[in-house]
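K.L.:
All chains should be modelled from the sequences, with the hints used to inform the complete structure.
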Amino acid sequence: MAVDMSNAVGLDVPAAEQVPGSPGELPPGRRRGFRLPSALGPGIPRALVFAALGYLFGHWIGNLIAAGYSQVTNSGSNNAAIILGYLFGTVGWIGGMGVLTYPLTKMTGREELLAPQRSVGPGRYFRYTLDHKVVGIQYMVGMIVYFLTAGLLALAIRTELLSPTNHVFGPGVYIEVVGEHGTMMMMMMTSVIVGPFGNFLVPLMIGARRMAFPRLEALSFWLTPAAYIILLSSLWLGGFPTGWTGYAPLSVQAGRGMDAYVAAFGVMAISIILAGFNIVVTVINLRAPGMTWGRLPVFVWGVMTTSFLMVLATPVLFGALYMLGLDRTIQTSFFTDTLGGSSYLWENLFWFFGHPEVYILALPGFAIVLEMLPVFCRKPIFAQKVAIAGMVGVSALSFFVWQHHLFDSGINPDMRPLFMLTTELISIPTGFIFLVGMGTLWKARIRLTVPMMFAMGFFFNFLLGGISGVFLSDVPADTTAHGTFFVMAHFHYTIMGGLIFAFFGGLYYWLPKMTGRSMNHRLGKWNFIAMFVFFNSTFLPLFAVGELGQPRRVFEYAKRLQTLNDWVSISAFLLGFAILLFVINLVWSMIIKPVRSPENPWHSRGLEWQTTSPPPPGNFDRIPIILAGPYEYGKPDALPMSDLVSRTSPVAAAAATDSERTI
Amino acid sequence: MAAATERRDGIRILGVWLVLSAIFMPIVYFVWGPHLPPGGMSDQAAGQRFDNRVLGVVATPVVLLVCTFLVYALLFWRQTGEEIEDGPYITNKVKFSGWWVGLTTFTVLCLAVFGTYELENNNGAGTGSGPRPIFAASGPMLPVQVIAQQWRFTFRYPTYGGMETTSLMIPQNEEIQFNVTSLDVIHSFWAYQLGVKADANPGVNNIAFVKALHTGKFNILCAELCGLWHGAMTANGQVMSQASFDSWATQTEAQEAPVTKLLPKYSTVYSPDEAGAGGNYYGSQYPVNP
Amino acid sequence: MTDVAESALPPIPADAEEGLALSAAIGSIWTGSRLLIGACSFLYAAFAFTFFYLRSLNSYGRWHPKAQHPSLLIGTAATVALVAAALLHYYGLSRLRHGLNLDWRVAGIASLGLGLLSAGLQIYQLTRLNFFPGSSGYASVFVGWVPVHVVLLLGALYWLETLVARSLRVRNAWHGQGDLGGSVTPEATRLRASLDAFNYFFVFLSLVGVAFWFLFYVID
Amino acid sequence: MKMFEKPLTRGLAVLAVAGVLAGVCLWGIFGFLRSSVPTVDFSKTAGPVNLRVQTVAALGFGPHPTWVSYLVKDPAGAWVHSTIWQLPADRQINVTVEEYDSGGALRNNLWGGITGTLDSQAAINGQSTAVVDPSAGNGIAHTFNVPDLGLNVPLYGISSKAKNPCSAAPCSTSSDHNTITFSFHTPPGAGNYRWQCFIPCGLSYLYGNGGPMGAIGFMSGFLKVVPA
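Protein chains in written order, with my numbering: chain L, 288 to 950; chain C, 13 to 302; chain Y, 26 to 245; chain X, 7 to 234.
Since the hints were derived computationally from the structure, they do not count as laboratory data. Just to be clear, a hint being listed does not mean it is correct.
[Said to hold, decoys possible] Quick list of in silico lysine to any residue cross-link-like pairs, SDA-like style, CA-CA up to 25 Å:
hint: 1; chain 1: L; residue 1: 880; chain 2: X; residue 2: 197
hint: 2; chain 1: X; residue 1: 79; chain 2: X; residue 2: 20
hint: 3; chain 1: L; residue 1: 846; chain 2: X; residue 2: 197
hint: 4; chain 1: L; residue 1: 812; chain 2: X; residue 2: 20
[Unchecked claim] Distance ranges between label pairs, derived from CB positions:
hint: 5; chain 1: X; residue 1: 17; chain 2: L; residue 2: 450; range: 34 to 44 Å
hint: 6; chain 1: X; residue 1: 181; chain 2: C; residue 2: 146; range: 50 to 60 Å
hint: 7; chain 1: L; residue 1: 705; chain 2: X; residue 2: 25; range: 52 to 62 Å
hint: 8; chain 1: L; residue 1: 392; chain 2: C; residue 2: 96; range: 45 to 55 Å
hint: 9; chain 1: L; residue 1: 882; chain 2: Y; residue 2: 201; range: 54 to 64 Å
hint: 10; chain 1: Y; residue 1: 179; chain 2: X; residue 2: 10; range: 24 to 34 Å
hint: 11; chain 1: Y; residue 1: 90; chain 2: C; residue 2: 229; range: 43 to 53 Å
hint: 12; chain 1: L; residue 1: 348; chain 2: X; residue 2: 27; range: 30 to 40 Å
hint: 13; chain 1: X; residue 1: 41; chain 2: C; residue 2: 254; range: 49 to 59 Å
hint: 14; chain 1: X; residue 1: 11; chain 2: Y; residue 2: 200; range: 50 to 60 Å
hint: 15; chain 1: L; residue 1: 923; chain 2: X; residue 2: 25; range: 37 to 47 Å
[Stated by the list, open to error] Stretch-level coverage of chain C by chain X, calculated; a stretch enters the list once three of its residues show a Cβ under 8 Å from a Cβ in chain X:
hint: 16; segment: 127 to 138
hint: 17; segment: 144 to 152
hint: 18; segment: 159 to 166
hint: 19; segment: 267 to 278
hint: 20; segment: 289 to 300
In this text, all values refer to a predicted model and were calculated from it rather than measured experimentally. Backbone N, C-alpha and C define an ideal beta-carbon position, used for all residues, glycine too.
P.N.:
Spelled out as structure tokens, the structure:
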């Protein structure tokens with residue numbers, strides 16, 4: 288992070304003085320000596336080559352160091368070589384993308400004040416770029432790829448569970464698939480809102496031209512493809528048998544695929560920390576004049592509280608992964624009880640990260656939904672301060688609940704009442720969100736657009752997810768529910784039913800902003816209906832499956848549960864088709880037959896809609912002065928949110944005269 | 013906002029909600045409740061079922077309130093057509109928010125007190141409570157050791173000569189103390205119908221209590237991912253009457269004597285290097301080589 | 026941030042944006058360094074937790090067999106070097122505030138050297154251990170913590186190096202305007218803000234070094 | 007980018023990409039994830055099935071040459087590296103194990119007792135016994151354990167100082183080995199019965215249960231019982 292500090296905010300260079308070429312590449316005037324042809328310049332081809340070379344180099348070093356040890360020759364797996372290979376491969380990858388050029392140049396005392404990337408054309412989406420809008424789109428595509436891959440793995444899981452005893456994949460591959468699905472989803476869900484929407488929208492919503500640390504922002508994205516490839520490569524190395532939680536003695540025991548888990552999650556942890564870091568600093572420092580904390584949109588509040596959790600909780604995960612890596616390579620004994628370690632250590636460290644992580648997944652969902660509600664209710668948000676208090680309360684409490692994952696483990700059994708209390712307390716701030724949502728709906732003028740449908744779906748799903756959480760927080764009831772499909776259904780209701788519904792709603796809502804093209808609403812409606820029905824049909828029976836005695840992550844189960852499991856599997860396939868419907872809509876409306884969207888299709892007051900769609904490189908013609916809050920619907924004398932629309936700007940005109948119905 | 017309140021929305025929502033709650037809460041408690049898992053085979057299972065019933069009753073009105081509100085909102089406050097009309101300018105109703113916060117806080121605190129009481133009053137409620145449980149049963153009890161290893165459970169009866177079996181037999185109406193431990197990675201001993209779940213950790217004696225009320229068979233599963241055969245790591249269990257348990261135990265003790273002779277002395281945990289049986293992951297330079 | 030709710034102010038002129046951007050930049054550097062310290066604190070806290078947790082569990086009595094000890098001399102020397110580097114930089118910075126540019130440059134370079142010495146000593150100490158990494162809980166925590174500390178220290182030293190290099194490079198250009206300590210150009214202001222931020226972080230690192238020195242050599 | 011101006015061409019391009027991705031997914035599923043250990047079929051023979059297996063200290067070939075493994079002689083008489091054996095239901099199975107690995111201690115000595123065979127006994131080099139003491143003699147090299155059938159047979163190991171150990175599979179009987187024979191009866195119904203070894207023989211994996219112990223095809227597999 289030190290890398291970027293003294294060039295935190297480079298001044299925007301006027302178009303005439305812009306430096307051509309991409310960041311990470313010296314401007315032509317400063318290039319000295321031999322110049323590479325542009326095909327060998329920073330970009331994905333070079334990054335792939337560097338990554339491969341880095342992997343081979345790391346692997347060679349690892350073999351040089353460790354090949355002779357009897358542990359390596361006997362087991363046939365040199366974990367040090369694999370982990371080093373992944374690390375050097377990642378360094379090669381980001382180096383090839385051009386990330387390292389600037390920090391290395393900086394060591395000579397040179398300073399490049401590069402303008403944000405102004406290049407146009409599809410090529411910029413495949414490059415290391417300093418434009419937060421490009422990074423937002425990159426993140427969006429990247430996270431959708433993550434989501435679809437992990438979703439396919441989920442379908443593989445459900446395929447195996449079609450029969451209690453006959454096996455499609457067999458126990459080994461099944462466990463690998465379960466682990467891949469869980470880890471990939473967790474890695475992706477952490478960034479799925481903060482990455483695409485946080486990066487794209489936060490500057491637009493606070494009236495800034497850019498992020499505080501655009502290089503870190505770009506780096507945080509370009510680490511995610513590396514993590515994706517590393518994690519998937521685990522299958523090739525035999526997978527990892529631990530699920531996403533990576534419980535320790537098993538993860539020390541596991542074969543080479545576990546190294547990919549360590550490396551991929553570690554790389555993603557860095558990406559998460561950087562992304563959160565950038566957003567927190569941006570929101571605190573880059574708000575436009577007049578953007579007081581009280582006027583800050585709820586979405587920005589939500590993303591900022593999430594980012595705080597990301598910055599503070601993820602280092603603990605990184606530390607735990609590092610310890611696991613050491614146990615696996617140089618044979619420390621953090622997690623081996625007979626040598627002074629403890630299997631409890633991993634459980635504590637992991638869940639100390641893991642529980643804030645769970646709220647990292649919940650808060651952005653709240654934020655998106657609460658941001659959309661006032662627009663489609665045509666009413667101010669109800670009790671905005673309560674909403675913010677809810678988010679802040681959830682994030683603060685989330686650091687004090689982690690041992691509720693360990694009620695049966697025998698760790699500090701005398702502390703269970705305390706953790707039961709903190710866990711149940713967290714439903715108070717969560718209840719705030721429902722209060723705000725219901726208060727906003729009260730006597731509203733509800734327009735049931737596609738994003739609003741997803742918001743309503745979010746409330747229903749999150750309600751069931753949250754209520755089932757109360758059963759899990761109660762120690763006696765948790766005795767049966769712990770480690771079963773009940774837990775699995777619970778967190779799928781909050782993550783898939785909550786966060787992903789909010790994400791899809793957000794895509795329908797903001798894609799017109801991000802691309803200037805609108806999604807097909809008819810298809811969107813069907814997408815929502817199918818998703819809502821099949822989601823509930825998939826996961827509601829799983830509560831019963833769990834309570835009836837089926838543990839998580841099993842490849843065999845009791846024959847009496849086959850009907851329920853088959854029902855779930857078939858629903859899951861249909862849910863897959865519902866999501867395919869979304870992909871078709873996305874590809875059709877964005878790529879194949881784009882329809883130009885109105886400038887402000889939802890007639891929102893929000894600042895992000897007061898510039899063109901997609902926004903110009905500098906976001907605004909000038910830095911706006913914020914005149915009023917974003918949710919002043921129904922107040923006849925309300926000022927517009929900023930001074931950008933008070934005059935006859937094209938945006939305001941479009942918003943005023945736009946009679947085209949988009950629903 | 014006054015103009016819009018010709019319909020008394022609040023009263024109507026409240027009415028619907030109260031009626032629905034009055035219908036569904038008794039149904040949940042009295043009709044559905046007795047059939048809730050994990051059943052009533054043991055004291056602990058019955059306690060968990062009671063918790064599930066109570067929580068179900070508490071959850072019902074919450075779910076009904078939100079659902080009623082959402083449905084009502086979509087039915088009566090929906091706006092269609094071309095015209096975009098702004099709603100009433102309501103930014104907060106402090107009294108309402110205050111009531112909401114107060115009620116949720118009260119409910120949540122009650123639930124926490126209830127959970128703690130149930131945990132304490134039910135001998136740890138069947139959960140693994142560490143080596144020195146504070147919510148422990150007192151009086152005479154039968155110790156049974158549950159040994160988890162990759163990928164099987166075995167059961168050891170220290171009071172019957174330290175014999176070890178592959179299925180779990182316990183007597184009815186007697187307090188049982190399960191000492192759960194693992195020989196390798198983390199497992200979780202879950203006797204579903206008994207309402208017992210305790211993680212099996214290497215080097216840790218995790219104690220759970222149960223008192224079976226009825227005879228019959230029960231299933232034992234592993235509830236913590238432990239590797240390749242996690243899904244197949246099951247065992248059979250049976251609650252027997254006192255008399256048949258005694259005859260089974262004495263008979264098995266005699267029958268198993270040749271194998272029992274091979275077993276290490278009974279202990280709460282078994283370190284992997286006692287017999288030199290480890291994978292030598294840690295090399296010969298280490299004092300133990302698990 | 027001024028509140029302009031009711032008055033329709035004229036829009037911000039383009040040349041005022043530069044001032045906004047500068048204050049945002051300085052604020053970002055300030056916030057960023059504090060947040061960086063927060064993140065690093067949690068990383069170190071993971072190790073401190075591990076230390077005390079394994080120590081209190083002491084499973085199989087193998088938390089810390091008495092014979093296993095890293096060299097007290099090297100460990101203390103590394104910590105002292107680190108603290109000295111941080112103090113030196115702190116002092117140099119306070120001199121810079123009085124306009125003494127050369128003092129900071131000398132202090133910065135010396136601090137860089139001391140920091141490298143500290144990192145080098147810690148790595149050297151790892152090669153001179155009388156125990157294997159997995160010999161005990163203590164051994165694991167020690168072997169695990171030192172590389173983390175060294176890497177973060179090297180990161181901080183990289184940061185210091187860029188600052189020193191920058192200040193040397195701009196020496197001539199800014200000479201007439203009061204050099205680094207006195208120039209009022211936006212770039213100089215930002216560089217000074219970065220110096221402050223670095224100073225804060227470096228002091229934090231040295232305090233962490235002292236804290237863990239207590240853990241490893243005094244508390245055991 | 008001119009060629010992508012028409013929606014039709016863009017659509018075709020998207021379809022092409024989708025086709026490639028679908029192909030990759032299908033290959034991943036069927037060519038990679040679904041590929042598994044071959045099933046060796048013994049259900050076609052009439053009468054009692056004679057199963058001949060061997061356990062080797064190091065496989066010597068394949069991606070994991072250092073791993074211990076079971077091998078089985080298929081009906082045609084060739085040694086196959088597989089642990090999924092298809093057996094007829096309700097039939098007597100006579101098993102002969104050629105054990106080429108050196109012995110050691112058990113993690114749980116319960117597995118020294120022989121259970122689930124026809125007379126609860128097994129013959130080690132012709133000598134019938136009901137219990138094998140892991141701490142006596144050469145110790146136990148592996149066990150053959152089918153949990154759902156209650157079957158457990160410890161396989162007595164060869165001496166670690168054996169003069170002529172087998173170095174690569176398949177081993178011939180000229181190398182030092184023990185022969186263990188036992189019989190069991192398959193259950194009347196069809197089903198997949200998992201079996202595994204219960205000795206921490208995954209050398210250099212923590213607790214000895216990784217590597218060959220954690221992968222099907224080496225120290226564990228299925229008995230696929232099918233109606234005859």
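K.L.:
Flag every earlier hint the structure violates by its number, smallest first.
P.N.:
1, 2, 10, 15, 16 and 17
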